[in-house]
Each structure stands twice: as C-alpha cells, then as structure tokens.
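Chains as they are written, first to last, in this note's numbering: chain D, 1 to 786; chain H, 787 to 1057.
Be aware that one or more of the hints could be misleading.
To be verified - Partial list, derived from the structure: chain H residues whose beta carbon lies under 7 Å from chain D:
| id | residue |
| --- | --- |
| 1 | Ser808 |
| 2 | Pro810 |
| 3 | Ser839 |
| 4 | Gly841 |
| 5 | Glu842 |
| 6 | Pro844 |
| 7 | Ala845 |
| 8 | Gly877 |
| 9 | Arg878 |
| 10 | His988 |
Hints listed in this document are in silico derivations from the structure and should not be mistaken for laboratory results. For each residue, glycine too, the CB sits at the ideal point set by N, CA and C.
Here is what each chain is made of, one letter per residue.
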Amino acid sequence: MGRVGGVASFMANRRREHLDAIEGRLTGPKRIALFGHRNVGKTTLLAMFYRQASSGLVPGVRLAAADPMTAEYLADKIIQIESGESLAGTLAETELRLRLYHGPARFDLIVKDYQGEHVTLGSDEPIQQFFADCDAVFLCLDPEGSNRPEDRRRRQHEVENLLEKCIEKSVDGMTDRPIALLLTKFDRVMAQSNGSLENVERLVDARYGMTRHALSKHARRGAIFAVSAFGRGAIDNRPPVDLEPIGLEGPLSWLADQLEAIDRDQLEWLWDLAPTDTPRLARALEAYERRYPDTEPARRFRKRLAAARGKRFRGRMLRAVAALALVVGSVLAYDFWGYQSAIAFERDHPPVAVERRWADFLAWHPTIAWYSPVRAEFARGRLAEWRLQADRDRIAAGRLDPGLDSQLAELKTERPALANRIEAIEDQAEAARSEQRWRTLQSEAAAAGDEPDRILSSVRDYLRDFPDSPHKDEATALLNAGKLKLEERRALLERREVDDLLRSAALPNADLEEMIDRARRFIADHPESLYRNEVEQLVSRFSRTADDRDIEEARRFSRENPTRYQARIDRYRAYMKAHAVEGRYLREASDACERILGDWDISTYRLAYDHFSAHPDDLAQVASRLKDYMERHPQGRFVQAAKAFLDWWDRVSVPNEYRVTLLRGEFDPSIGKYVAGGGPDLRVTLEVAGKTYGPAPVIPNEHKPIWRYTFDRPIVWKSRDPISIKVVDQDWWDTTVIQLNSDKNDPLSIRLLSGAIKPSKGGPTVLHFASDFVMPELPKPDRIDP
Amino acid sequence: MNPSASSMRATSITYEQAVYGSFPFWDRGYAVLGRSPGCRDEWLADFRAICSSCGERPAGFRESKSLFALKMASGPWAVVGVFPIGRDDTGRPGASAFHGLFVKGADYRRAGASPFVFRELLRGDWGPGDTTLAAGRMAIPESSLEPVEPDPAALAAARAIERGMRVLVRSDEPIDDTARRIWAVLSPKMRARAGIATWVFHPANDFRLAGMPRIQKYYEDRYVEINDLLEEPVAAAAEIDPLRRSRRVFWVMAALAAAIVIVSSCRGAGP
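Okay, chain D solo, but in the shape it has when bound (with noise of 0.2 Å):
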C-alpha cells in the first residue's frame, strides 16, 4: 500500500514539475541561442541586428535593450562598427536582455554572447548549459570562415551535437524547438557570384550539407536565412564606411512568429494535459495575452478558459449539491433510527432507563425539531410522561433530587395536562421528605447530649416546615422535654458562676472592681436567673467595701502630703468618679476639693505677696510669682489684685508721662551770698532719663521757698530712667546749692517726685514734691473661713 501510495507522490510530483516547466516557458522571457564557432560573426551580427531593428531600419520588428547593461554592451559595440575597427574576439560572455516587438506581439529575450571558442566540441562552459534549456537556435555559419574541409566538417560536427541534444527531449525524432541556420558574411558570396535564394541552398548544400540534411530531417520550423551585417564593402572583419546590412529582417520575423507558434503550440498542449487545472491555465494566458495582446488566439483561449471555469464551477456545484444531499439522507435515516429505538425501547425497560433514552434521543437528534416539528413535540411529551413515573420510583425508593421541585414546577409549566399527575408527584415527595427528615431528628435526639438547643432549634424548624405531620404530637412532647432539659443545664452552670465568683472574692487580695464587674455581667447575661438576688447583694457588699476603702486612701494621701495639692485632689476626685452612684462619702470628697484648691490658692498667692513685703525693690520677681499664680489659679481670690499690679508694672515698664508739682523746700540758713538781700534766690531744675525739666520759678531771698508750681511739661518716665534734681542759688551768678540723683539700681526712682525728699548724708535740707504715680497694694492673704 505504501509502496502503490509513494508510486502515485513520485508521479504526481513528475507530472507537477512537467507543468510547471510548461508554465516557466510560457510565462518566462524567451532564450535565443545564437550558436557558433569564433568568427562567424555572432558579437557583429547582434549588435547589427539592435542597430538596424531599434532604429526602424528592419520592416514590421522592433528590437529594445531591456536593461542599461544591455544597452550599454550593444551601443560599444555598435560605436566600433560605425567608427570603421572590427571587434575583438569576444572573452567574456555576457547576458543580454532584448525586447522584440512584431506586429501586437510583444517577447522578452534573453540572448548571451560569449567566446565561439567554448562551442567545441567536448566543451562543457556554461554556455552549453544556456543552449540546452534555449527556446530557439540560429546557427550561425560562414561560408568561407572555415576553408578546409575538416575544418567545415568539425564545424558541422558542432552543430549535429547540438542538434541531437534538441531531439533527444523530443518523442517525434523532431527538435523541439525552432532551429534556423544564419549563413553570415553573406556579402562575400554575393561579391562572388549571384546570391539568390536558390544559391543560398546550393551553397549550403555545397559547404554544410550534413547540417542541411539534419535540419531537413529533424526540424520542424526550421529555416535558412542569408544574412550579412556589414553590407557589400566590407574587408576582410573590417567594416565599411556605409553600412547596408542584409537579409537580417527574415531572421527577426521568423524568431517571432516562431515563438508565436511556440507559446501557442505549448498553451494547447498545457491545456491537454492540465484541462482543469484552471489557476494555472489563467496564469498562462494571462502572460500569453500580455505577450499578443488582441489577437485572435488570445480571444480564442479566453473564451475557451472561461468556458473551462463554467464547467468546473458546474462540477463543484453538482458535487456540493450531492455532498448536501448525502449528509441530509443520512440525517433523516439517523433520526429514524433514534426514533423507532426510542419508541421499541420503551415496550421492555423500567421508566427511569426509558426517561434517559428518550433524553438522550432529543439531545442527539437536534436535527428533528427543524423538519418534522410534530414528531419533536412527541418526544418531549414522552419524555415528560416518563420523567414522572421515573420520579415516582424515585421516591419510592427513597431517592430525593434536589432539584426535583424545580423540575417539577417548569414541567407543569410546560404541561398543564399532566398538573394532576405532578401535584400527586409533590405530595408524594413531600411526605417522603417529611419522614426522611423525621428520621434525621429522632437519630440526632438520641445523640444530642450536651447539644439540647441545637435539637430543639432543629424539632422548631421541622414543626414550622411540616405544620400537618402525622409526628407533630411526637414532635412536640420532644420539644417540651428539650426545654426541661435545656433549664435545667442553664441553671446548673449558673451556679457554677456564682460559686466561682463567691471564691474570688474570698481571696486576700480580690480585685473588688473586677468581681464588681462580674457580678454586674451576669446580672446582665442572665436577668432570668435563679441567683439574681444573691448576685445583686455580692454587688453590694464589694461596692461598700470599696468605698469604705478608696476615701480611707485619700484621707490618709491628704495627711501625709499636704503641700501636694494636686495630688490630693486627683484622690478625691478619683473617689468620686468611682463611686457616683453609690459613693457614701461624696459629700466628703467634694468638701475636701474646694478646702485643698483655697489652701492652694493662698499659698501660691503668698509667695508672691511675701516677697513683695520683704523685696518692694524686686518687682520683677514679684510679677513674675503673680503671673505664675494667675497661671495656676485663674478663678482664684487674688486674681484682680494680681491683675491690677501686673498691669500697673506693664504700665511703668515702658515710657510715661507723670504730672510733677514742687511743693516747697528748707534749706540751710548758712547759704546764700554776702549782700544778697538776706537769702538766696533759688530755682530748681529735673533731668529724668537725660532730659531736662524746669526750672521751677525762682523764689528770691528765701530759706523755706514755697514754690507750689507744676512742671509745665509732663515728666516722661519709665522704670529703671534715672532722676536728678538740681538746686542752683543764682544771686549774683549761679551756685548749685545742692543736686540729688536718685540710686542708678533703683527702678521706681520717680518715687522721689512723690513726697520729701533728702540728701543721703543728712542736713536739714529737704524738698517736697507731689505727683500723680501711684505705688500699687497687694490684699493680704488671709484665710477666708466658709
């Protein structure tokens, strides 16, 4: 079988590339080979053959470069032959790409030129390779290049090889390919004698006959052509002066209408061998349209492609139409089937295995519903009718789907005819589910133990869900004794609480808020106890032990600390807020806070009041006492006193103005000048802060001046300004009698301008002034009694 399948592979493989080398030529540009020995002219005869045919010079063909490559080789060797040098013997062989035009039809070419030398025989260049996949041949030979006659006959030799390649591919014993013979140089055989037609033949006959008598045996489109490219005139290789080729049109049309004969030949025979393969016929004319635009042949093979893709659009549409048949005949055979299964099985089966076959058979057979909708509808009916009695004998036997209600409520939906039946199938599930759950609730009865809430919460829910159960007596007397059980248990761990908390506080050292706080939960997490009075009264009993304690603690803190104010009220205060509600010595506490806060307040108060006394000089230190004391007691008893001085040393601290009056003075009796009229005239002057005040008028010849006179500029003072004051007896000229200058230290030096005044080193000398500074009090700190 392998062996048949990889002989079938190999075969289709064959015929494909058979094709697709069919195909290549059809669409690939055309090789042309233009074979011959070393000067016959071949490099000469393509170059002439470009020149004339791309300058119109050749009737009814065209010839093009199709690259710059091409052109560039061409034109060189044109500009040679024009400028009158023979070329070179060719070294280097080169691909040309040509484009031949002749009448609508368009070919692509590739020819090569290379060295004659390699067309030896035995010779295996390249260029063999080149002639053996070629689409058409000229052979090229001269009629006196050779003139001995081995050497014509190794030339014919040549030739007979390459001829007997072409044929060797053929089945015919004809070359496959077109093959013309170019005899070159013509023109030195029409210099000679007459060079007719008739005298090309005898000629070749006469120097190449072996090459004749092949060509006229084997090949089929086979042609002579005499050519010269040079024209009469030329010399030897050289060219002439003018140019006037021959013979070189007949060679270009036969090349085109040959390979027109070619494409066509191989596109019919393209189409014999793949007649359906229709991608590749399109392609195929698409490049021989593209190559004869508009022709009749073209036109011929679109029709009859056209044609061939009708047919094969027919053959699929027929095949698809009974592809479409085959799969609906099998359809319609296997729902049959299914069906008459289903209905045969139902005769010999129980109801839950015929309810499954009836569902297997609606989901394997969609297809049902589509066209015979009645046979559908009763299949679902079946099913319907068998699912009930499956679920019937379900229940019977004790099998409860969860999903049995649902079921059952869409089917009475979907079929009301069967809603007696259905509701039968309820009350028979129900039932079965009220004694399968009866069961349950006995069997967990039995093994409750420990667990009696849990069994009456499950004997509540089985009342409640089924209300007319032939066990509802059964079921009550269990919930009854569940509720015996279940007090009896509360009760019993009730006591052990109790008798836990009682030992507790039978400790030594029993935390009595924490037993207070028991107490009071289980008052709370069992209000219907037994034990609730004896609880209560515990409750009591550690509230009054309590309370007897915590104002023992703060009476005994108050003695043992008494400047720690603070303190002793954070004690009382505790006291209280732990005992609000049944605290038997608030009243106490409360008394005891308002007593501490005005000792406190007095103490604080005297530290600044006592440091005035004894410091009247530090005012600083006593406002900042004062300060402390506002800070500590801001309701106490001292506060507008404290406010009061603290303003007024606010006020003294930064400039002021004061109002200054000098009353009157005593001088000593001993001053004054000779003939100064009994006294001496005095006037006063003030310098406060480096200002100067006055002077006071002069009273003159007076020891006890009155001077009763203010200061018409107020005194611009502020604590700490210095004051001087300067007394000067101005009989006759100026004597300062005395100057007082008040401490440097002192901060309220303006004291001095508010009553007498004295040296310090004594004398009767003194002065009285008046002024409107006023020296702040503060209240004693007396203990107020309530």
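Fit chain H to the supplied structure of chain D, relying on the hints for placement.
Just chain H now, kept in the frame of chain D:
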C-alpha cells in the same frame, strides 16, 4: 633539519605556469598555448575562467599590459600578466595573451603577498613552440614592496579594503603605481587574502582592488570608488593601524614564548 634546505626554503619559492590567449600563429582562438608539467587541469580550468572574465577592452582605450592576482577556487594563487598582442589569425584586433604563474598560498605570503614581485617573470612574447613550459623558482627579494610615500587616497583605499569593501580606480590605463601604493599600506594579512587587478574590463572576478576604464551600472554597487573614499577621515586611523599590529605581534610572540617555556618545563619535570 638540513641547514642548506632550510636556507633554500627561506630564500626562494617555486611556481608553475601556463599561457592562455589568442595568437596570430594559430586558428584556435582563445586557448591554452602551453603549461608546465606540474600545472593541474583544474588550475587550468580556473585560469581560463578568470582570464575570460576579465572582458574585452572597450572602444577608445589604448592597449596596455596589465597585471592581476587572484586566489583560484582550486587552491593556488594565480599571478597573471595580460599582454596585448595585436590582431589574431583572423585579423581581429584586441587579442591578448595571459601568462599565469601559479603560486601556493604560503609561498605567495612569503613573497609579501604582492603580485608586483613577480612582474619580472611575466612575459608576452610567445611563439608556437612554447607548448611546454618549465616550473620556476624565484628568489624572495629583501623587500617585497618598495617603500612608498603613503598618500591620503592610498590610506583611504587600504582602510576600505580592510573593512571588506571592494575599491575601484577609474582609469584609462593600468593603475600600477596607485595599486603599489595601496598595497604598501595594506596589512599583510589582508594582502594575503585580497585579489588585485591593475586594469580589467569586466567586474566578474572578485578583486578587492581593480583599475577599470568604466563600470557598468549593473555592477556599481559592488565597488566603491577611491575618490568617494577621500571624503572619509581615514588618515588618522591608518596611522594607528601599524601600532595596533605591532602590539598584536608582541602579544602573539609573548604567548608563543610562554607556551614554549611551559612545554619545556613539563618535559623537564618527567622521570
């Protein structure tokens, strides 16, 4: 080792030779005229192929003798002198004789990898009796390349060849002087790999440096013209290269010396 043989080997190299061309004294066209006995057939096939690929001289250019060197697929290097010999037996112009010397790769490297040292051995005066040639021996000259003053164009071309590019010099005549200057600044390693032609007419052969009268558009992307290279700043790089080479040689020599010391000590440590 034989001291005399060693000195002989160090001072001379051998070569085989063959002549290919189209001559007026025969009617065979381009064919092999003569060969030395040691010249193998595959060498001759390659020799014919590379000679044919040089192309025909285009119209308007004077005939000149030229030189090319290329490593053949069959093994040896071919150092070929191209000699115009006028017309062939049919009176066609442009016939040429190709005198090829076949040198082994190692010998070519020992000769400095320069085709110019073989110039004196190449000849173009052949006659019908030269069908059998003798293998030759050539003394290696002291310096394979004459000292030349490096010019920017030569440095740029050498740099491009080192980078793997093919350099074309457009010229109406063979570029012997230019080629010699470029070869003088090219590294020996690259000289031993790169083919060179002083004047050819077809770019089919793989020459890294070639003088050509013109090049067809089709082949232009295979070559870079030397005049285009002059725009690149390669002079500084070219000056650095000898220093790099000397450092590389130093390290190779040091590694060899270390290997010799290790091998010697291992042998000495044996029982």
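Hint check:
| no. | hint | result |
| --- | --- | --- |
| 1 | Ser808 | 6 Å, holds |
| 2 | Pro810 | 12 Å, violated |
| 3 | Ser839 | 6 Å, holds |
| 4 | Gly841 | 4 Å, holds |
| 5 | Glu842 | 5 Å, holds |
| 6 | Pro844 | 5 Å, holds |
| 7 | Ala845 | 4 Å, holds |
| 8 | Gly877 | 5 Å, holds |
| 9 | Arg878 | 5 Å, holds |
| 10 | His988 | 5 Å, holds |
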